[in-house]
Every structure is written in structure tokens, then in C-alpha cells.
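K.L.:
Chains A and C, in that order, are what the protein sequence lines are.
So the first sequence is numbered by this note's numbering: it starts at 10 and just counts up by one.
So the second sequence is numbered by this note's numbering: it starts at 10 and just counts up by one.
Take the hints with a grain of salt, since some may be wrong.
Just so you know, same-sequence chains aren't split out, so a pair can sit in one copy or run between any two.
DSS-like mimics (lysine-lysine), calculated; alpha carbons at most 30 angstroms apart, straight line [said to hold, decoys possible]:
#1 K239 to K377
#2 K652 to K630
#3 K627 to K250
#4 K674 to K471
#5 K449 to K627
#6 K461 to K673
Bear in mind the hints are in silico, worked out from the structure with no lab data behind them.
Okay, here's what each chain looks like letter by letter:
There are 2 protein chains.
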Amino acid sequence: MSQNIFNPKSIAIVGASQNQKKIASVMLNNLIKDGYKGNIFPINPKYEEIKDLKCFPSISDLPESPEMVCIAIPALAVESVIDECIEKKVKSVVIISAGFKETGEAGKNLEENIKNKLKDANIRLLGPNCLGFINNKENINLSFARENPGDGNIAFISQSGAFCAAILDMACKDGVGFSKIISLGNKADIHENEILEEIVKDKSTTAIAIYLEEFKDGKEFVTLAQKSNKAIILIAPGSSKKAQEAISSHTGSLASSYDTVIAAMNKGNIIQADNSKELFNLIKLINNHAIPNGRNIAIVSNAGGPGIIATDAIEKEDLSLSEFSEETKSKLKEKLPEEASINNPIDIIGDALSDRYDTAIRTALEDKSTDAVLAILTPQLVTEIGNTAEKISNIYKETPKPVYACFLGGKDVEAGIKILNKTQTPVFDNIEEGIRLISKISKYKENIENTKYVDCKDFLKKGKYREDIEKVSQNEEVTIASDELAINILKEFEIDIPKEIVTSNLEEATEFASLNFPVVIKATAEDLAHKTDFDGIFLDIRTITELEEKFNILKENIRKRTGDPSPKVLIQEMINGKAEMFVGANREGDSDIYKEDGLGFGHLLAIGQGGIYTEIYKDIKHILVPECDEKFKKILSETNVYKIMDGYRGKPELAKDKVLDLFKKIQSMLITYPEIISMDINPVIVTEDRAVVVDIKLYIKK
Amino acid sequence: MSQNIFNPKSIAIVGASQNQKKIASVMLNNLIKDGYKGNIFPINPKYEEIKDLKCFPSISDLPESPEMVCIAIPALAVESVIDECIEKKVKSVVIISAGFKETGEAGKNLEENIKNKLKDANIRLLGPNCLGFINNKENINLSFARENPGDGNIAFISQSGAFCAAILDMACKDGVGFSKIISLGNKADIHENEILEEIVKDKSTTAIAIYLEEFKDGKEFVTLAQKSNKAIILIAPGSSKKAQEAISSHTGSLASSYDTVIAAMNKGNIIQADNSKELFNLIKLINNHAIPNGRNIAIVSNAGGPGIIATDAIEKEDLSLSEFSEETKSKLKEKLPEEASINNPIDIIGDALSDRYDTAIRTALEDKSTDAVLAILTPQLVTEIGNTAEKISNIYKETPKPVYACFLGGKDVEAGIKILNKTQTPVFDNIEEGIRLISKISKYKENIENTKYVDCKDFLKKGKYREDIEKVSQNEEVTIASDELAINILKEFEIDIPKEIVTSNLEEATEFASLNFPVVIKATAEDLAHKTDFDGIFLDIRTITELEEKFNILKENIRKRTGDPSPKVLIQEMINGKAEMFVGANREGDSDIYKEDGLGFGHLLAIGQGGIYTEIYKDIKHILVPECDEKFKKILSETNVYKIMDGYRGKPELAKDKVLDLFKKIQSMLITYPEIISMDINPVIVTEDRAVVVDIKLYIKK
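Kindly generate the complete structure, drawing on both the sequences and the hints.
P.N.:
Below is the structure:
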């Protein structure tokens, strides 16, 4: 993207009018009011002049080529303006007008036409169906926002204009500024990745907030995020099926699965906001540099009850109460009244004035184990709301560790909250909410260390079975790979599988079995496919006698079903594991996903407890490949099945290293054969020294 | 409790002063300012007159006996005032002063002394360590609250003065009134149950909000709640261990387990608030009668993005989007612009004025499937914030189904939120939060139907083994009941257990086994207790030969450990179940819990998936006994193990009726033998026609 797209030297506004209510008029007003320094050309055949500016009947009539043209007229009238823009050789176009892809087939075609024309003419396009943009660093407000909250260090990119409006209104109230605000609209050309790439380099921006309903290219988005040295906060709705349907009808695009989006945020070390208020509060925290170095929080409160609520919330959100040293405790004892509680949470009791807050907060901050202080205020009789707010904001400015304020109440505490907002001191109006946010940003900080960029290229190799895979994926259908191909591929990646033979010969069978007892005998997958209620498997065979008996029964059973007079039987060593895992994968994107211009997120791995109750217990975590060892370890450790592998209730520790190794081999396999659109491994049996893939299904599609 | 305790005809205030900053002075001011009609007697030896009222040196010097005496002087000076109160025959005392039980041993003794003296004199006591109380129905403000939010229909009882202060400040901002506000303090005498009992009868109160850290008598509290026809909203912190420690140090009392508290709320149909803001918002919703008749919500939004966020939240919070009829859709199509989305969530798009909101909301409300409408507003360019607020509040007043507003933003939306608060129309500033609250109150409404009072008395019977139990529970220790006693008790309640015999005779063993194959043989509990690594169990024995072999091995093993030359062996039918459950119980309170004056919550049942991974998968639900069948069914259906019993993935349905039956028998057993302080049944094996208790441990204590 041209660096200058959001800094045009001249702008024409098509649709500007003397009617102040028209969107284009509002944009013109905003542009002038916020001090745009370049040339402005209102375009409207009805007027000679608007707002003391000469008005032109059309783009064609302009004396010079404007760098940017902003169009806010009915959708059906847009295309002819585009033609003029092309003729006039403008550099970029912003289409505000709605009525395109989001409205159905006709609108989609219209948008395609315009998009293609502009692409051919090498003209960039923001929108259509957007709010415009604000670049406060250059005093450019080319938007129809009600109000511009002013300059600041945060960039905000939003696919929803309305969401943008809500956040700006919050920002105006609390005095939070933005470097750039960009409304993406339908993303016909310019999309989030391009902007993100620019903004990551932009020195005047310290963090990026994003509202996104669907991702233009997920893999690239994650890579940009991984490489960004700026915090990225994302709100991406769509956790429910109904919401995904709504996104599709609303944006005209397919939404990614929510599991994919969550995995992407985890991989890209993106901070996830759950709602508009959380997004805004996270923006404020990041803007105020209020990120603690660890999870140990000290609570200072002028009452016991709120301290207890905070203690609950701290545990719920995976934070800890800092453990004060004896030195800290004796300092607190000396400085606080006798009735105060000097353990964390510190209760400085109801008659605490601002000085007591000051003392307690500073002492708690000095303690080595404390990473941050949360100061809770309830408006009691003598509570100095304003003074306490000032004291807290002073401490916040002076000390490297963050202090958060939580002022509980309504009418009286408002004055304190205003002071804290004005001095850019983090403040919450709800203990639980505040602690959730502190947890999110402290985990973000920790996650940075685990976030390592792993390049797909390091895994790309020419697979031994490339030709077989291509043969299977020739047609458009999803095809299940044969057992033979699946097992060959597992072997190619040195994945541990049970020893087995397929034979119709009893002698061969007993020879194999006697070396590998206990064994399982079963019909082959091809034979099993015949019937669902097929008595086709015998487990835990321990003696030659038993093997002979079951071998003959099984052959007889198969013969009855298939008519094959001498059917083959599969004999497999039986793995007695202590834990069963499940590993699944789904590809998002086409099979060219790992190529330079492949779109999509790639393969999403699902790992968790195996067996038939996987779904009931929902012990599943998701990972986008490729991922580094540390992240694999971390995510595995978040599953319940890991606790079992870790040696639960005196049971032995299982081969977790082999499990990690397996994940790496699987991701190598998926990237080598991206035609694997879906994969089921259930179970992986984990013993004390092996992680064995007992059953695999590979689904192949180009 | 005397009905008049919060309506005294005269009040003396000990500690009132001409120094306006003293707490007693603030209380005197509040009393006068809010229009108290009775006699007021300031008590202070330093002054002749305070605030135009004659001041007396002491209670003894008063010309008449005041009905209530309020004491706000240092703790150590309180006892002598109490002595005067007793002499003067006052009816009740409010002790504001802190420095009692909450500060440690000395304070505890002081409080005990005062409490006992007053009890002997038949004088009631509120506090100590409280904020006082406000009775707005009688214009009595005997509190040192900063501000009284005024009269209303909600009663608020709080164990934390600070929490009270925060809620009142919120109420002052949003214009919410209270009938009574009572700060409980240390609850030396008057406690929550007594007040609750009164308020439930109080016609001027429609709902009750409570902050409680520990329960005076849990069982009674739940019974009162079950019998209440008024909504009760409770915030009870203590979900974390650290918080429970903090509660103990802060209140000087033991906190109930959080599982117990949650089960109590469920049993009593109490609405649970998680934090102060939620408590306040729930108060507002109940106050505004904004309870929907069902879970089907229609969303009306002036933007797609927020509609999607709402859709996600609706699924997350167990609500549904109402499904519009074709009639509704065609009405919407007719009345809304073409670009609007007429499916739920309804997107009335960015240029929606207040009229369009009005139309869409009314149409959605008319649809039969809609139980309530959530109208979301983002402050876009032309959005009529104030007018839309007025339209919504008019609809709210006119229609029986509730309409909730959610205004997203900060500065500009504030005006709309003010109008909605003023007209008592429910309004949120956050979609997710709002939907969580709607979910809570709609579940409350549903839960009423499942909340049936079950009387312990219906279960109380003289157990056959009463004498044995009493023998075991004679000492102060927890004792494990013998296998024999445990099994006898199970049999007494006709609980299904495996057939078994205990014998040292092989002939007897084979006779039993041949009738009951497959069987298990194992050492008896007494023998097993000898060693932990004891090879004392053989499962799934199917033949006489195998039985003989294992019988002899086992006897030999036991002989080696115990020296018993002819040890007995337990032979049991082996139950092959499809699901394993766990049922545990813990008693909270003494063994007189089910008697008239027994304190505590009683037995908490824990039910869930059995086996060794019960704790890892946390598939556990809690129930306070006694409970009705409907509630048992409902709670069982919330476990994952129920899904398995229900016939998961084509498996057969298991004997859920037998499981329910088992629960009822167990609760009958616990109430009959309240000496069972703890019980472990793991597993209950559930087959297609049985629910069999395979292993039970009963812990007995007086």
C-alpha cells in the first residue's frame, strides 16, 4: 500500500451539498473543522459554492486531478463517478455509499464491476459501505463520525461503522485519542492486513484495536500480528452458529470458525476483547502503558467486602494475590491503624482518607512480590473521593509498576473517575471486570515469550506420496485416503503406529502374534465398511489358542458378509495405554494455503481427550499450524488429559515428550500434504514411553 | 422480631456532637433531614444543645425511656452505655461502633458480654460495626450514609457497610429508591433471616437485595427464600479459598463452602449476582418489573455488528433468538427500508430515526414467539438518541412484554441513558452484560416452577440402626462406619447393591458364584485397610476354575498380611454398567441440623461422573437436601454423565429413573441418620435397568 493513502494532498467530495444533513456535507464539514491542509473540491452540479469553497459539477470538470475522491451518493450513481475518476487519474477512492455486496446479488455485481475497473486503473479503494477515515496525525477527518475524539497513540480499524461510532463516543467521554481511525466497510480492495502492515511500522502509533467480522487472509493476519511489536486488541464476533449466519448475510462473506479465530489470536498474541466496553477499556489500559510484569496483584480497599470480591475474581481470572514480605507487613502495621488488615487484600478500613490510600498503595508497590496494585474505593462517609483519585494518579505517574483504581458507586464517585480518566490513570467501575482486564493484559505480556514465528517454508518438502495424494485429490469431492496410503504417510513422518500384518494365513498370524502379545485382530477397513453392526474386532488376545479360535471366527464372519473365500485379517499389537488422546485437523482455505498467495488460516489442529466422550467433556484445545514447541507444550498443558499424562493420583507419568513429537510430525505432514482437508486421529494411545496412533482417517480434497 | 424494630417512636443518639464530622452527628443530621417524626435525644455530656435539640449527658439522665438507642462512640465505652440502656428499659439498640468480633479475641469477648447482657434484658441489638438503617416508608434515616436515594420498593440488607455505600451511590445516580436499607454489621443479635421473614410480609417491598458473607442459619434462609413470593437477589462472595480465609478473618465467622452457597441459591430460587454492578442492575430490572415470560429474545439494532455480538451472547447465556412468523416478517418488510434485515436480529440500519426503532420494536413484540425485545443503539450520524430513548420508554410502559435498551457509547448516549433511567426503563451500556442479566431473570422465572418446598419432617423417621449409629458417634472424632453397618443401612433404604457373600469356604463361594457370574472377589475392607499396595481384588471372573484359582491366591495373600489362617473373602456379582456416577455428601452444621433449632445448611449432595477422573473433569453438581423430584431431575440433566445415560451416540438409554430413585433414598438416609457427616459413593454403576451402589463409605460424627 502506498504509505500516503491516508494522507492525500487533495480531496474531492462527491455529493457535498448546502444541505448540512447530507453525509457528504458532514464529511466536508469535518474535513474543514479538523484543519485539513490540502485542497478540497466539493462536487455537486447543483451548487457554485459550498462553505466558501468553489463547487464543481463533476470530477471531470476539476481543474486538477485530486489525489483522493470521496463518494457519498446513492450506490447506483457511483459507477459513473468511478469512470470519471479513472479518466482523471486519481490515486485513491473512498466509497461511503452503502448498497453493495452487503445487500445481495445485484449489489455484489455492482461492487465487483467497480472493484475491477479501479484495479485495472491501479487506483486504490477504501469501502464501499464505510464511515471513512480519520488521520489525526495529519489533521485529516474524512469521516461522518459525530465527533472526533482527537489525537492519540492508538489506531482503530473497524469493519463495522456502528461499532466505530460507539467506541468514538466512549473515547470522547473519557478523553482517549486515536492516531488513525479507519472504517473498512466491504473491503473491496484495501483490507485489514495491508493497513495493519503499515500501522505496525507507524511510529506515532503504540497499539492497534480492531473490530473484524471476517478475515481477508487469516494466515497473513496472524503472521503480521506475530511480527508486530505493538499490542493488538481484537474483537471478532461469531462464537455462535447464528452469529456466523448473520455475518455471512451481513458482510456477504463466509466467516471463519470461531475455534480458528481463537487459535489465531492465541498464535498471534492478540488480546481478545469480548465486547465493545472491554475493547475500549483494553485500549485505555494499553494506551496508559498499564501492563504488569507478572500476575501478582496487591489489593488495597477501604472495606473488607470488596476485598473479598476481588480475591474471588483474582482466583477466577488466574491471577494471584502477591505474598507480602515480613518487612512489608511490619511497615503496613506501623503506618496503618490497628483495625486495618495488613495481609493482602489490605483493608485500610472505612475511615481511610487519601493519605492512607497513598501510604498503603506505595508500601504494597515496594514489595518485591507485587506486580501491580488494585486500589478499591467505596464512597463511605469520610472518603475523600477526589483527593484519593489525585493521589492514585500521582503514584501511577511516579512508579514503574501499574496501579489500577476501582471506584465503586455512581453519583459521588463520578468526580474521582473523571480525575483518573483525565490523568490517564486506569480506572474501573466494577471489580470483576477490572480484574478480568488486568488478567488479559498480563497474559498477553507472558504470551509474548511463547509467541515465536514459525515459517511454513521450514516444513515444506516434497512428500514421498505426492503423486498418490494428487491422484486422490483429482476430482472435486472429498475422498477418504485408503488405509494403505494413510499408513504409508504416517510411516513417512516416522509416526509411531502399532506393529501389524494383514494376512489370511493362520501360520503367519500366529508367528506375528507370538512376538507381540497381547494383540488385536480385526477386519480391514475395506471389509468393515460393508456393514455397521459387524462383529469384526477381537481385543486383548493373549494366547495362541485364543488367536486361532478368533482368527477362524473372524474369517468366517467376513466370508459371510463379503463372499471372499479367503479374506485377509488385520493383526495388530495391542497398546495398553494410560491415556487416550484425540487429534483432529481441518483446513481453512484451499490446498494452496501454504503458498505465497494462498488465502485462509491453514490447518486448525484440535487436540484433547480421546475416546467416545471427547465431545461430551469438551476437553479440546485448538492450534493453528505451524506452531512452535513452547506453544504446543503450553496448550497441551491446558487440557485435562495432560493432567492424566502428568501422573494423576500417583499414576505414572506418561510420554509427554512423545506426544509433543507427534504434534510436530503431524504438522509437518499437513503442510507437506495440504490436500488433507480434514484428519481424525482417535485415539492416540499414550503409554509410559510411546504415543501411538491407533486409528487415522485422512480426507483429501484439492 | 418485633414488627416495630425499624420503626421506633423515639431515638437517642449516643455520641452526637457539635462537631459535624463525628459519625453520630451525621446520623443525627440524617435523621432530622429525612423527616423523622419521633422524639430525638442527643446524648453527650459536653453539650447542652445540639441542632436545636436538648442534649443529655447520659441515657440515665433522659426524662423518658427512648424506644431505640443508637451508639456511635469508641468500642471500649459502649458497655457502660449498654448497662444504662438496660436500666432504662429501652427496646432496642443499634451499635454503629467498630472494634468488636471483627478485630480479634478481645473484641469478641466484649461483643459476647454486650450481647448476653442485652439478651437477658430482652433488648434487641442491630450491629455492632454497622452503618445503621434507613426505613424510607417511615422517613427514618438512622444511618451515616452519604446520601439517601429515597423511597422505593426494594429492600436492601447488607453485611458490608461499604458495599451498602457503593450501591446507594449507584442508586442516587440512576434514581432508584429503597423501602428499607439495613446494614447488618456483626449480626450479634438481629440477623438476615429475621429481617427477611419480616420483609417478605412487607407489602411496600417488592424485592429484596442482599449482600451476605456468612449465613446465620442456612437451612432457614433457604426455606424463607423458597416460601417468599418476592424476588431475592443475593451476592455472596467466597468462591475462592483465599476469599473464605478473608471472610473468616474479617467477620470472625466460618464461611460456608461456596458449593453450598450456590446450591442454596438454586434451591431457594435466589438470583445470584456476581458483583456490585450486577446486583444493582438486577435490582433495577426487578424494580422495573422487567422479567420476561420466556427465553426468546428479539434484537433490534441500528447496525449489523452489535446484532452479531448480541447473537453470540444470547447463545452463550442460554437464551434464544425468537423465530419470527411469516406475518411478522412481511410486516417488517413493509415498514422497514429495503436494506434492513428483517430476520432476527433485525438490522434497521445506520440512518434509523426514532420512528423506525418504534416500528421495529413494536412489530417484534407483537410476534408470538417473542418474549422480550433488546433494542441496541449505536450513536451514528443521524441517530436520535433522546427521541429513541423516549420512544422505547413509552413502549415499555404500554406493553406487557419487557423491552430492554442497550445504548453503546459514552458522551452522546449519556442523554438517552438518563431518560431511560428516569422513566424506569431497563437500560444497559454493554450488550453482553445486559444479555447475561436478562438470562438470569428469565431463568429465575422458570426456576419458580421447579422450586417446591420439601419438608425435612417428611423424611425424619426412626432408623433401624439408630443405636448402632449413636454408638459409633459417641466420641468427638470422625469414625468410618463398618462395611456391615453401611450395607445394613443401604438395605434399610432399599438401595440397590450387588449381591455378595463373605466366606472363607470355597464351596459356599462356588455355589454363590455359579448363580451370579461374572463375579468379583476381593478382600474385605478391614483386611484391605492393612496395606495400600495390596493385591486384593480380582475382577470379571467367569468360570469355576478361575474362581477356585483366584480364591486360593487371595486367601493366601490375605493370610500373609494379616496372619489370619482362614481369612474371609468377599464375592460379589460384577455389574457391567454403561455409566459410572459419583454421589458424595457433606454435612454443614451439627447432627441436630434437621431439628427445629439446628443451625446450618444440612447435607450437600455432590453428584456427577464417577471413576478416578471425577475431579479432573469437574462434572459435578450440588444439591442441598431435601429436594423435590423435579429439581433432582433438572440438576441431573445438567451433568455430562446424564448425556451418556440418555443414550449417547446410539448407545442404549440407561435407568435414569433408578438414579433418581437412588437420590431420593440417599436423602432419606441422610436425614434419618444426620450423624453421617460425610459420605462417598463411588461408583454407582448404571445399567439399562439398575443403578447399583458398588462402593460406599460413611463417615460418622455427632
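K.L.:
Taking the hints in turn, state whether each one holds.
P.N.:
Hint check results:
For the homomeric pair K239 and K377, the shortest alpha-carbon distance inside one copy (28 angstroms) is at most 30 angstroms, but the shortest distance between copies (50 angstroms) is not. For a Cα distance limit of 30 angstroms, the shortest separation of K652 from K630 qualifies both inside one copy, at 14 angstroms, and across copies, at 21 angstroms. Taking the shortest Cα distances, K627 and K250 sit within 30 angstroms of each other both inside one copy (17 angstroms) and across copies (26 angstroms). In this assembly of identical chains, K674 and K471 lie within 30 angstroms of each other by CA distance solely inside one copy; the values are 15 angstroms within and 66 angstroms between copies.
When the C-alpha separation of K449 and K627 is checked against a cutoff of 30 angstroms, the pair qualifies both within a copy, at 23 angstroms, and between copies, at 24 angstroms. Taking the closest pair of Cα atoms, K461 and K673 come within 30 angstroms of each other only inside a single copy of the chain (15 angstroms); across copies the shortest separation is 56 angstroms, beyond that limit.
The earlier numbered hints are all upheld by this structure, with none contradicted.
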